[in-house]
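Participant: Starting from the known structure of chain A, arrange chain B with the ligands on it as the hints suggest.
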Amino acid sequence: MMRQLRAEWTKFRTVRGWVTGMALAGGFIIAFGLFPGMQGTCTDNKCKLPTGPQGHLVTDRFEFAGQTLDGDGSLTVNVTSMTGELPPGPNAEQPRQGLTPWAKAGLIIKDGTKAGSPYAAIMLTGSHGVRLQHNYLYDQAGAGAASWLRLTRAGDAITGEQSADGTHWTKVGTVVLKGLPTKVQAGLFATSPQHSEASALLSSSGPSSVTATFRQVSQQGSWSGQLEETELTGSGDIGPLVSGSSGLGVSVTQALAGTFLGLVFAIVIGTTYVTSEYRRGLMRTTFSATPRRGRVLAAKAIVAGGATFVTGLVAATVAVVFGQKMLRDNGVFVHPVTTATEVRVIVGTAALLALCTVFGVAIGVLLRRSALAVTIGVTGIVLPYILAMSVLPDGAGRWLLSISPAAAFAIQQSAVEYAHVANNYIPTEGFFPLSPWLGFAVLAAWTAVAVGLAAVVISRRDA
Amino acid sequence: MIEVNGLRKRFGPQLALDGMTFKVEPGKVTGFVGPNGAGKSTTMRVVLGLDAADEGTTLVDGQRYRQLRQPLCVLGSLLDASALQPSRTARDHLLWMAHSQGLTGKRVDAVLGQTGLTGVAKRRAGGFSLGMRQRLGIASALLGDPRAVMLDEPFNGMDPEGIVWVRGLLRSLAADGRAVLVSSHLMSELEDVADHVIIVGRGKVIADTSVKDLLTSASGGRVNVRSQDVAAALAALPEGEPTGPSTLTVTGMTAEAVVARLNGHGVPFSEVSAHRASLEDAYMDLTREAVEYRGVSS
Ligand SMILES: Nc1ncnc2c1ncn2[C@@H]1O[C@H](COP(=O)(O)OP(=O)(O)OP(=O)(O)O)[C@@H](O)[C@H]1O
Ligand SMILES: [Mg+2]
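Sequence order for the protein chains is A and B. Sequential numbering of the first sequence, starting at 322, is according to my numbering. Sequential numbering of the second sequence, starting at 2, is according to my numbering.
Bound-form chain B, shown alone:
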């Protein structure tokens, strides 16, 4: 479990974190979403003890990261996939990390296999594509077989096959009971994989919710009805509002209830559909205000 408590951090005039607070529960994939500059990476650096927060605390498995004896075995992380010594091979990169935790080359070979890098293990990391670097970064996050995993934008630079692979990997990590935090500035990347999302903007949490609740609240219980006889339909559904010559929208009712009411009143209809919001829509709604770098025209 990762706990983030009231983080505040200022870079000169720039307030990067403004009371960031959330928990990452084990057994779930938690998406960490927000526009550019929202403070996702900064939060992760503070969790890892790399940056010092002006205020607030972070705990990993109930301990401060700096006090961990084998930190990579508690929290595996990937901040920047390009943070590599170009002339060092992939295997050697993982090997020094393993040695720093008292682990051996066996663990290294295991994660190389797990991330599909066995074939290129002896190649210099400098020649890796961004996607391969991401795999290597993920391998290093998994090296200590940690109870929690924290990945900053792991989908960056990955091909569709790679994205599918990362999603599968994240789900299986959560299924093993690990706490998984994955950041992204694209909600769509987390669709189908995140169980929970923490949406941030301007250094604080805007929404901390399960994906299911988020979708329901965003669809808002709206149902679209198409009927030749709009007047009769409106009579049967006084909550409804006409939206066109043959359409109306009902709020606050489920589609099933709408169908039952229409049938009860003998009103003919050609379509009843619940409006389904995408995660992206829900996210856009929530972050509209928090977007910092919006284009002038929009």
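Next up, chain A with everything else stripped away, as it sits in the complex:
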């Protein structure tokens, strides 16, 4: 097998077209990463964001009316009304009345007023019912409609309750805020996140606000002062920071926007590496030299796939490392990710390119004709991605990115999706329908099927 690999490598490196193609594939990925043409306003630490208890960047902006609670105690309120204002929709100019789904109004207990500090809150929302949330990342749903809310502190434990009438109470849940000091800030809050709407071709987003009326406030325990019945109007959010149109900035994935172009090259190289031999009858020479055709297929897949993998690895590393820096220098906020995620995105991109090349090799064997094989390879892999990223409505785009080989672009996702944070979780914003490895597995399955068929066909067919 080493001989076959050596022979195929010699073949590969001695055709200038393939070597140039490889260089171009890498070059485009780097070029797209380094010249993103994206500008932002986050220069000079302007976008320094608070960090939550778990080390995540968070948003922590809300309208608050509170007092200090010393030791255990509780707070009960009747939220009698919640109204709000939405940004102008697509093709509109005037703001509209209405509540964004994750508009929030309710009670909060917080370790001081510093942004990013630990908290627990029970709230009514625009359209997600009663929720008990704490420390930004965690969210629990209540049951049924309610207009009465209660938050009770007992040591580190905070219990949220809901009621429709103020007499019959249902417990929503109890959360523990480890190391919560004796004195905490507690009170009423209202906040409403960025509102976004995506129709078939247009997506729009803008700030929204909520106005909540709080009645019959009752406090138990030792408080620094009385909380009045009041009306609060807030805009902002309490939750983890997300990237995208409703959040802030972009994800690392942005630096790899050129991958699809690299893929076109990878597929063309993979297929023509095989079809050019068929076209000229050179495959017969190859099979005379290596009568075990399965080995020929394996060697071709490994050599072409390996070459693309290495190219992809170099290109993706350069694009991610320098592309991120470039974006940041341009004032674009790029969400920081863990090294593990960064490595997964880079290695995954290389593997994505490599698998597509192997897919190209397999369809090259199956179809033997360059034009046909290239067309099918590109339509099968790159086209679904481009369609999902441009003209397709969200549903169709997600469907394509779930079943087509393009599902593997999910491996590049670095943005994190939170069910309880409003955002446009769409592919164009770097959110893919499948999890990174599941998406990758879809492509791997397609490739495995193609290679399997190619292995059968290559040994059965007269050369």
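To be clear, the hints were calculated from the coordinates, so they are not data collected in a lab. Since this is a predicted model, take the numbers as computed values, not measurements. Heads up, the beta-carbon is just placed ideally off N, CA and C, and yes, glycines get one too. Some hints here could point you the wrong way.
One-sided and incomplete, this derived list gives chain B residues near chain A with beta-carbon spacing under 7 Å [unchecked claim]: (1) D52; (2) L80; (3) A84; (4) W97; (5) G103; (6) T252; (7) A256; (8) E257; (9) A258.
Facilitator: Chain B with the ligands in isolation, oriented as in the chain A frame:
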């Protein structure tokens, strides 16, 4: 040694091989001759394991080609000189083949020298003339220093000098004790080089014979006699038949015997010549029936 045993192969309605059977002995140049479509190339593809025969087996040095570990070191072959990646240089073309057999660039340079391609080794094969491609194809057949060599129409596109060179090369390969099989649809190309010929038509062997025997059988022992006195000559040679006012033909006797008989009877003669058939004539005789694509007028 190459052994071909009862090959049968059908391409759709076309029966390409119909019980093809022969052996190619070492130390000889064996010509593989037959009209277009006789099945020469198909036979070679089957030997190389490229096409699967419906029936029959082929062995190279007693082994199936597909089982050979270094096939190019056992059987070197040239099927189609144009089977090249145009943008790859001649040397690189040979280099990947060498690598596939575990050989090194040294062997490549050796066969480049042997085929007179050293000067153009770094040139792209796409720019080669057909004759140069044939040389490159022959170089690749010789790459593994194989015990058997199989060339499909190596004279195609070669200039006279090239043809002479190929003939010399084939003879020297056979002299080294290799089995050499060379196909052609022109018997004349094999004249003076083949020791043995396998004549095929319609997918099977029509004649499998040494060149010497083929020529003798084709000349059929006919002797032409020219004499002023045809009647006396006929009296001396009762086997003879007159073919003109002063000529006759004798069958079944050598020229020497004819001369002895005429001298014995005191018959004057001006010429006694053995009729000499060319290889081409012999071949034409044999393949007349097997020619598939004969023009309507003939
Ligand atoms: N791949 C193929 N598909 C269909 N028919 C084929 C194929 N290869 C060969 N044939 C047919 O098989 C027969 C034998 O062809 P082959 O090429 O072996 O003849 P040949 O003796 O090499 O002829 P030539 O002297 O023209 O090269 C022909 O009738 C040809 O049309
Ligand atoms: Mg032929």
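Participant: Taking the closest Cβ pair, is L80 of chain B under 7 Å from chain A?
Facilitator: holds (6 Å)
Participant: Can you verify the interface hint for W97 of chain B: is its Cβ closer than 7 Å to any Cβ in chain A?
Facilitator: holds (4 Å)
Participant: Given A84 of chain B as an interface hint, is the shortest Cβ-Cβ distance to chain A below 7 Å?
Facilitator: holds (4 Å)
Participant: When the nearest CB of chain A is found for E257 of chain B, is that gap smaller than 7 Å?
Facilitator: Check failed: Cβ of E257 of chain B comes no nearer than 51 Å to chain A, outside 7 Å.
Participant: Given G103 of chain B was flagged as interface, is its beta-carbon under 7 Å from a beta-carbon of chain A?
Facilitator: Holds: closest Cβ of chain A sits about 5 Å from G103 of chain B, inside 7 Å.
Participant: Can the hint on A258 of chain B be confirmed by a CB-to-CB distance to chain A that is less than 7 Å?
Facilitator: At 53 Å from the nearest chain A Cβ, A258 of chain B fails the 7 Å test, so the hint is violated.
Participant: Using the nearest Cβ pair, does T252 of chain B come within less than 7 Å of chain A?
Facilitator: violated (49 Å)
Participant: Regarding the hint that D52 of chain B lies at the interface with chain A, is the smallest CB-CB distance below 7 Å?
Facilitator: holds (4 Å)
Participant: Please check whether A256 of chain B passes as an interface residue: C-beta within 7 Å of a C-beta belonging to chain A.
Facilitator: violated (49 Å)
The earlier numbered hints that this structure contradicts are 6, 7, 8 and 9.
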